[in-house]
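Here is how the chains run, residue by residue.
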Amino acid sequence: MADTRYGLLIDYEYCSGCHACEVACKMEHNMPTGDFGIKILQDGPRENSNGRWEYEHIPVPTSLCDLCAERVAIGKLPTCVHHCQAGVMVYGTLEELAKKVCKPKMVIFSR
Amino acid sequence: MEYNNKYNMDLYPETLHWKEGDLNATRTTMWSGPGCHEGCQIIFYTDDDGKLVKVEGDPNSPFSQGRLCMRCLELPQVVNSERRLKYPMKRAGERGEDKWERISWDEAYDMIIEKVREYQAKDGAESIVSMIGTGRNVSQVIAHNAYANFGAPDLTLCFLSGDSCMLPRTALCYVVMGNQWVADMSQFRPTRYEDDPDWRPPECIVIWGTNPVINNADAFLGHWIVEAMKRGSELIAIDPKLTWIASKAKYWIRLRPGTDAALALGMLNVIINEDLVDHEFIEYWTYGYEQLKERVQEYPTDKVAEICWVDEQLIIDAARFYANAKPSTIQWGLAVDMSKIGTVTAHAIACLAGVTGNIDNPGGNILIDQASGLEFGYNSGIEYLPEGQVEKRLGNSKYNLKKYGFTASSQSDTILQAIETGLDENGNPRPINMLWIQSSNPITNMGQDAPRVYRAMKNVPFIVVIDLFKTPYAVACADLLLPCAMSHERDCIRIWFDPMRSQTKCSSYYEAKEDEQIMLDLGHKIAPQNWPDWVRTPRDYMNWRMQVFNVDFTMEDLENKMGGMHYSPFHYYKYKEGLLRPDGSPGFMTPTGRYEFFITLYYQWGDDPLPYYEEPPTSPYSTPELYKKYPFVLTTGIRSFEFFHSEHRQPELISRELHPVPRFVLHPDVAAELGICEGQWCWIENQMGKMKQTAHLDPTVDKRVIATEHGWWFPEKEAAEPDLFGVFDCNPNNLIPQCENGASGYGAPIKCGLCTVYPVTPENDRLEDQPTYQVTAVDGYTHGPTHKSDRPSFYDWD
Numbered sequence: 001m002a003d004t005r006y007g008l009l010i011d012y013e014y015c016s017g018c019h020a021c022e023v024a025c026k027m028e029h030n031m032p033t034g035d036f037g038i039k040i041l042q043d044g045p046r047e048n049s050n051g052r053w054e055y056e057h058i059p060v061p062t063s064l065c066d067l068c069a070e071r072v073a074i075g076k077l078p079t080c081v082h083h084c085q086a087g088v089m090v091y092g093t094l095e096e097l098a099k100k101v102c103k104p105k106m107v108i109f110s111r
Numbered sequence: 001m002e003y004n005n006k007y008n009m010d011l012y013p014e015t016l017h018w019k020e021g022d023l024n025a026t027r028t029t030m031w032s033g034p035g036c037h038e039g040c041q042i043i044f045y046t047d048d049d050g051k052l053v054k055v056e057g058d059p060n061s062p063f064s065q066g067r068l069c070m071r072c073l074e075l076p077q078v079v080n081s082e083r084r085l086k087y088p089m090k091r092a093g094e095r096g097e098d099k100w101e102r103i104s105w106d107e108a109y110d111m112i113i114e115k116v117r118e119y120q121a122k123d124g125a126e127s128i129v130s131m132i133g134t135g136r137n138v139s140q141v142i143a144h145n146a147y148a149n150f151g152a153p154d155l156t157l158c159f160l161s162g163d164s165c166m167l168p169r170t171a172l173c174y175v176v177m178g179n180q181w182v183a184d185m186s187q188f189r190p191t192r193y194e195d196d197p198d199w200r201p202p203e204c205i206v207i208w209g210t211n212p213v214i215n216n217a218d219a220f221l222g223h224w225i226v227e228a229m230k231r232g233s234e235l236i237a238i239d240p241k242l243t244w245i246a247s248k249a250k251y252w253i254r255l256r257p258g259t260d261a262a263l264a265l266g267m268l269n270v271i272i273n274e275d276l277v278d279h280e281f282i283e284y285w286t287y288g289y290e291q292l293k294e295r296v297q298e299y300p301t302d303k304v305a306e307i308c309w310v311d312e313q314l315i316i317d318a319a320r321f322y323a324n325a326k327p328s329t330i331q332w333g334l335a336v337d338m339s340k341i342g343t344v345t346a347h348a349i350a351c352l353a354g355v356t357g358n359i360d361n362p363g364g365n366i367l368i369d370q371a372s373g374l375e376f377g378y379n380s381g382i383e384y385l386p387e388g389q390v391e392k393r394l395g396n397s398k399y400n401l402k403k404y405g406f407t408a409s410s411q412s413d414t415i416l417q418a419i420e421t422g423l424d425e426n427g428n429p430r431p432i433n434m435l436w437i438q439s440s441n442p443i444t445n446m447g448q449d450a451p452r453v454y455r456a457m458k459n460v461p462f463i464v465v466i467d468l469f470k471t472p473y474a475v476a477c478a479d480l481l482l483p484c485a486m487s488h489e490r491d492c493i494r495i496w497f498d499p500m501r502s503q504t505k506c507s508s509y510y511e512a513k514e515d516e517q518i519m520l521d522l523g524h525k526i527a528p529q530n531w532p533d534w535v536r537t538p539r540d541y542m543n544w545r546m547q548v549f550n551v552d553f554t555m556e557d558l559e560n561k562m563g564g565m566h567y568s569p570f571h572y573y574k575y576k577e578g579l580l581r582p583d584g585s586p587g588f589m590t591p592t593g594r595y596e597f598f599i600t601l602y603y604q605w606g607d608d609p610l611p612y613y614e615e616p617p618t619s620p621y622s623t624p625e626l627y628k629k630y631p632f633v634l635t636t637g638i639r640s641f642e643f644f645h646s647e648h649r650q651p652e653l654i655s656r657e658l659h660p661v662p663r664f665v666l667h668p669d670v671a672a673e674l675g676i677c678e679g680q681w682c683w684i685e686n687q688m689g690k691m692k693q694t695a696h697l698d699p700t701v702d703k704r705v706i707a708t709e710h711g712w713w714f715p716e717k718e719a720a721e722p723d724l725f726g727v728f729d730c731n732p733n734n735l736i737p738q739c740e741n742g743a744s745g746y747g748a749p750i751k752c753g754l755c756t757v758y759p760v761t762p763e764n765d766r767l768e769d770q771p772t773y774q775v776t777a778v779d780g781y782t783h784g785p786t787h788k789s790d791r792p793s794f795y796d797w798d
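Quick note, the sequences are listed as chains A and B, same order. Going by the working numbering, the residue at position 37 of the first sequence is 37; the numbering climbs one at a time, nothing skipped. Going by the working numbering, the residue at position 185 of the second sequence is 185; the numbering climbs one at a time, nothing skipped.
Keep in mind the hints are simulated off the structure, nothing from the lab. Heads up, the beta-carbon is just placed ideally off N, CA and C, and yes, glycines get one too. Treat the hints with care, since some could be wrong.
[As the list claims (entries may be wrong)] Here are some chain A residues the structure puts well away from chain B; computed CB gaps all over 10 Å:
#: 1; residue: H19
#: 2; residue: T33
#: 3; residue: E54
#: 4; residue: H57
#: 5; residue: L67
#: 6; residue: A69
#: 7; residue: T79
#: 8; residue: V81
#: 9; residue: K100
[Said to hold, decoys possible] Taking lysine-lysine and the DSS-like style, the derived pairs with C-alpha atoms no more than 27 Å apart in a straight line are:
#: 10; chain 1: B; residue 1: K51; chain 2: A; residue 2: K76
#: 11; chain 1: B; residue 1: K717; chain 2: B; residue 2: K703
#: 12; chain 1: A; residue 1: K105; chain 2: B; residue 2: K19
#: 13; chain 1: B; residue 1: K86; chain 2: A; residue 2: K103
#: 14; chain 1: B; residue 1: K505; chain 2: B; residue 2: K99
#: 15; chain 1: B; residue 1: K505; chain 2: A; residue 2: K39
#: 16; chain 1: B; residue 1: K54; chain 2: A; residue 2: K39
#: 17; chain 1: B; residue 1: K115; chain 2: B; residue 2: K392
#: 18; chain 1: B; residue 1: K6; chain 2: A; residue 2: K103
#: 19; chain 1: A; residue 1: K76; chain 2: B; residue 2: K303
#: 20; chain 1: A; residue 1: K76; chain 2: B; residue 2: K6
#: 21; chain 1: A; residue 1: K76; chain 2: A; residue 2: K99
#: 22; chain 1: B; residue 1: K326; chain 2: B; residue 2: K250
#: 23; chain 1: B; residue 1: K6; chain 2: A; residue 2: K39
#: 24; chain 1: A; residue 1: K100; chain 2: B; residue 2: K6
#: 25; chain 1: B; residue 1: K86; chain 2: A; residue 2: K99
#: 26; chain 1: B; residue 1: K54; chain 2: A; residue 2: K105
#: 27; chain 1: B; residue 1: K86; chain 2: B; residue 2: K717
#: 28; chain 1: B; residue 1: K230; chain 2: A; residue 2: K99
#: 29; chain 1: B; residue 1: K54; chain 2: B; residue 2: K99
#: 30; chain 1: B; residue 1: K293; chain 2: A; residue 2: K76
#: 31; chain 1: A; residue 1: K76; chain 2: B; residue 2: K19
#: 32; chain 1: B; residue 1: K230; chain 2: A; residue 2: K100
#: 33; chain 1: A; residue 1: K103; chain 2: B; residue 2: K392
#: 34; chain 1: A; residue 1: K76; chain 2: B; residue 2: K86
#: 35; chain 1: B; residue 1: K230; chain 2: B; residue 2: K6
#: 36; chain 1: A; residue 1: K76; chain 2: B; residue 2: K505
#: 37; chain 1: A; residue 1: K105; chain 2: B; residue 2: K250
#: 38; chain 1: B; residue 1: K561; chain 2: A; residue 2: K103
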């Protein structure tokens with residue numbers, strides 16, 4: 001399919017917010033201070049009315065993300081996916097990624 | 001997990017070196033500097049000049065599985081930093097003036113040898129003390145160097161009061177079970193998780209006083225727990241603030257800092273009185289259950305709830321869940337050590353694992369030795385220490401756990417006192433002439449009462465510092481400053497438990513040398529009788545030590561034939577198989593052969609053989625008058641992904657971009673009451689001193705608690721005094737005492753003091769208000785408006 005789109009699937013239930021994706025990306029692309037190809041956003045810690053705490057991170061690809069085109073061209077994974085310490089990032093076509101959604105708190109980012 | 005991508009293994013061949021484009025790839029192990037407690041397997045990509053260009057996690061590694069943390073990923077920024085030490089330097093001006101003269105390595109060695117021989121002749125080798133930090137690749141070297149090259153017995157954690165980092169837990173484990181345990185995440189086999197037929201995911205993981213995904217302490221990668229969670233493990237998290245992993249817990253117990261022992265005793269009370277124990281394990285393999293049962297009656301849950309500031313039902317529910325889950329495991333951390341009753345707290349927690357039988361079982365707390373039985377820690381080279389020297393270790397005559405060899409280091413506070421007074425713990429003369437400090441930055445990070453440590457240093461005639469960067473400590477105290485190689489500049493082997501991993505040199509930096517090379521160069525000059533003639537390089541040293549410990553392969557085999565890692569055979573239930581005792585009989589390596597709830601050695605020594613709770617020396621209950629003045633419980637050492645203790649503070653690093661200034665946390669309601677906004681600089685102060693950090697409003701902390709970061713210095717500031725990189729300005733150790741240790745000599749109230757907090761204003765933030773200025777220029781302790789005396793002390797409540 002000519003217009004196959006790729007993206008990232010993220011299981012944000014287990015994202016620890018460790019910044020490995022952010023730093024891997026900045027180093028891979030030699031980004032200056034202030035630039036990020038992916039940025040971790042944080043919700044919480046907030047106390048829900050049911051007494052449970054809400055505390056999540058989501059790594060969000062930015063407009064500077066090229067899904068590591070150079071790495072992918074030689075057969076490597078995008079560096080954020082390769083290094084994610086929690087193992088919660090998946091690279092693939094949107095079609096493949098959609099099939100992998102198997103639990104709550106998963107999200108797909110398209111590029 | 002099923003959904004994960006597969007790495008393209010064709011690009012990561014099972015060889016030591018390969019080419020990728022223009023770059024040379026080397027498969028190796030990351031083991032500092034910069035430091036951490038791990039040894040993740042990593043690929044270094046260097047250019048033809050040997051400069052490190054990039055790093056990747058090694059997908060072949062069962063240990064780290066291709067993943068890396070942000071500090072490894074930013075490594076090229078660190079190792080290529082122009083701030084690194086490049087050449088040996090000797091002090092040219094006064095200490096603190098930051099004036100240096102570049103010298104050659106031979107000149108440096110001659111200077112060391114001259115001083116060592118002088119001090120050996122004058123006051124004995126025991127007037128030379130070696131001091132270590134944590135995490136850097138140096139344990140084996142600093143020990144072997146002290147024993148074989150200096151003939152000096154004292155190796156100590158560098159001014160860490162009460163040796164309060166892992167050693168209290170380790171020493172306790174050795175008296176209770178003759179071994180030590182860690183949580184089982186299948187980490188000791190090359191097949192992990194569900195691919196390991198013997199492993200079971202724990203039904204319950206207790207995370208006690210640690211933030212494992214950040215700190216990865218004690219050779220345990222925190223994200224292994226995240227993998228277990230994906231496989232169904234549920235958590236009990238014990239922490240004064242809600243860490244991310246605690247937010248995922250079934251039970252989060254927000255205890256008052258320093259009350260961990262009471263909590264453990266309360267949980268034991270529930271488990272024992274409700275008979276949720278493992279009767280078979282208790283009957284056949286433990287000692288002193290009846291006495292423990294009697295002791296825990298003193299800790300009913302209502303009383304414990306009051307001590308710990310925790311809901312009583314939560315203690316009961318968590319205790320039941322821990323005991324009923326099969327298997328359950330405990331991953332414990334630094335908070336266990338960092339109270340005056342550190343070893344006692346560890347004892348209470350060890351009883352929890354014992355009464356439930358979660359010992360050496362799949363998915364429980366497993367017993368573990370070092371890889372291939374290789375001694376690569378504080379006893380390295382001890383066979384070369386002249387007879388009669390071990391007995392001279394400072395603190396040994398006072399503390400039984402030290403005297404009887406339950407750890408290999410000397411008691412830190414006793415050494416500080418010897419430096420201050422020239423006397424040992426019995427009042428006999430014991431001059432300290434020389435400090436050999438390898439990988440520690442004590443006035444920045446690990447020395448409590450940092451101003452006192454700084455002042456004490458003035459008494460030591462000769463101080464050698466071997467480090468990566470010019471630290472505040474080096475500027476303030478070093479007479480000789482030697483540059484150390486970083487991870488990719490070293491040949492070494494990594495063991496801390498299993499597997500054994502190879503570390504292969506692929507670069508070098510100016511004249512920085514490996515710690516091993518420094519030891520060997522010195523050794524062949526000063527004590528050639530202690531070194532085989534052929535052992536001249538770090539690689540020789542590795543192969544020699546492997547031969548000595550009967551390892552049946554070489555460093556080169558490990559690198560070239562074994563993919564850089566070797567797993568020793570691992571067995572569960574070793575106590576049943578006779579694998580824990582040299583005589584081969586079943587049981588534990590203790591006097592009774594059993595897992596001792598009632599510690600028979602303590603009983604013989606006249607110490608309390610059972611766990612108990614004691615209030616911290618300053619607390620709302622032990623010093624109520626002081627609490628009126630300092631109405632918050634102060635806990636310290638919040639971990640950040642960006643830093644390992646005082647490392648990674650260089651302003652060019654991504655670490656500082658993400659985390660530019662120190663932060664403390666307080667409850668938003670308290671902040672509102674005190675007029676403090678998010679991000680505002682505030683002074684935090686108590687009867688000892690003060691420091692400042694920026695406020696982070698966190699609704700998860702108790703309103704009576706303040707938690708701070710540690711390890712801050714500012715390499716962008718002036719090195720020379722009175723600036724000294726701003727080392728005391730943000731340092732919580734200004735507020736924490738030395739020499740307030742438990743009866744065992746271990747433990748200190750590092751995470752459980754008292755303080756007050758108020759905003760920094762132009763009026764209270766002048767140059768003369770800054771702690772660094774006060775300490776270095778005015779010759780005073782830190783003090784603020786709550787102090788009347790210019791020599792405030794921890795004991796100001798008397």
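Hint check:
1. At roughly 4 Å from the closest C-beta of chain B, the C-beta of A:H19 falls inside 10 Å, breaking its exclusion from the interface.
2. With a closest Cβ-Cβ approach of about 5 Å to chain B, A:T33 is found to fall inside the 10 Å limit, against its non-interface label.
3. A cut-off of 10 Å between C-beta atoms contradicts the statement that A:E54 is not in contact with chain B; the least separation is 8 Å.
4. Non-interface call for A:H57 relative to chain B: violated, since the shortest CB-CB distance, roughly 7 Å, does not exceed 10 Å.
5. With a least CB separation of 12 Å from chain B, A:L67 remains clear of the 10 Å interface cut-off, as annotated.
6. No Cβ of chain B comes within 10 Å of the Cβ of A:A69; the nearest lies about 15 Å off, and the non-interface call holds.
7. Not every beta carbon of chain B lies more than 10 Å from that of A:T79, the smallest distance being close to 8 Å; the non-interface claim is violated.
8. Listed as a non-interface residue, A:V81 fails to keep its Cβ farther than 10 Å from every Cβ of chain B; the least gap is roughly 6 Å.
9. With a cut of 10 Å on Cβ distances, A:K100 falls inside the contact zone with chain B, its closest approach being about 4 Å.
10. With a C-alpha separation of about 23 Å, the suggested pair B:K51 and A:K76 falls inside the 27 Å cut-off, and the hint holds.
11. Our distance criterion of 27 Å between C-alpha atoms is broken by B:K717 and B:K703, whose separation comes to about 35 Å.
12. Between the alpha carbons of A:K105 and B:K19 the distance comes to roughly 40 Å, so the proposed pair goes past 27 Å and is violated.
13. For a cut-off of 27 Å, the pair hint linking B:K86 to A:K103 is broken: about 52 Å separates their Cα positions.
14. The suggested pairing of B:K505 with B:K99 is violated, with an alpha-carbon distance near 32 Å, which exceeds 27 Å.
15. This hinted pair does not check out: B:K505 and A:K39 have alpha carbons roughly 34 Å apart, beyond 27 Å.
16. Taking the CA atoms of B:K54 and A:K39, the gap is about 21 Å. The hint holds against a cut of 27 Å.
17. Distance restraint check for B:K115 and B:K392: the Cα-Cα separation of roughly 21 Å lies within the 27 Å cut-off, and the hinted pair is therefore satisfied.
18. Between B:K6 and A:K103, the direct Cα distance comes to roughly 20 Å. Compliance with the 27 Å bound is thereby established for this hinted pair.
19. Among the hinted pairs, A:K76 with B:K303 is inconsistent with the structure: their alpha-carbon atoms are about 58 Å apart, more than 27 Å.
20. Distance hint between A:K76 and B:K6 is fulfilled; the C-alpha atoms sit about 10 Å from each other, no more than 27 Å.
21. Between the alpha carbons of A:K76 and A:K99 the distance comes to roughly 22 Å, so the proposed pair stays at or under 27 Å and holds.
22. Distance hint between B:K326 and B:K250 is fulfilled; the C-alpha atoms sit about 16 Å from each other, no more than 27 Å.
23. In summary, the hint linking B:K6 to A:K39 is supported, as the alpha carbons are separated by about 24 Å, within the 27 Å threshold.
24. Taken as a hint, the A:K100 and B:K6 pair is honoured in the structure, with Cα atoms around 14 Å apart against an allowance of 27 Å.
25. This hinted pair does not check out: B:K86 and A:K99 have alpha carbons roughly 54 Å apart, beyond 27 Å.
26. Under the criterion of a C-alpha separation no larger than 27 Å, the hint pairing B:K54 with A:K105 is inconsistent with the structure, at around 33 Å.
27. The hinted pair formed by B:K86 and B:K717 meets the criterion: a straight-line CA distance of about 20 Å does not exceed 27 Å.
28. Between B:K230 and A:K99 the CA atoms are separated by roughly 19 Å; this keeps the pair inside 27 Å, and the hint holds.
29. This hinted pair does not check out: B:K54 and B:K99 have alpha carbons roughly 34 Å apart, beyond 27 Å.
30. Using a Cα cut-off of 27 Å, the hinted pair B:K293 and A:K76 is violated, with the two alpha carbons roughly 58 Å apart.
31. Our distance criterion of 27 Å between C-alpha atoms is met by A:K76 and B:K19, whose separation comes to about 15 Å.
32. Between B:K230 and A:K100 the CA atoms are separated by roughly 15 Å; this keeps the pair inside 27 Å, and the hint holds.
33. Using a Cα cut-off of 27 Å, the hinted pair A:K103 and B:K392 is violated, with the two alpha carbons roughly 61 Å apart.
34. Distance restraint check for A:K76 and B:K86: the Cα-Cα separation of roughly 36 Å exceeds the 27 Å cut-off, and the hinted pair is therefore not satisfied.
35. At most 27 Å may separate the alpha-carbon atoms for a hinted pair to count; B:K230 and B:K6 meet this at roughly 18 Å.
36. The suggested pairing of A:K76 with B:K505 holds, with an alpha-carbon distance near 25 Å, which does not exceed 27 Å.
37. A C-alpha spacing of about 18 Å is found between A:K105 and B:K250, which places the hinted pair at or below 27 Å, so the restraint holds.
38. Pair hint B:K561 plus A:K103 does not hold up; C-alpha atoms about 41 Å apart against a cutoff of 27 Å.
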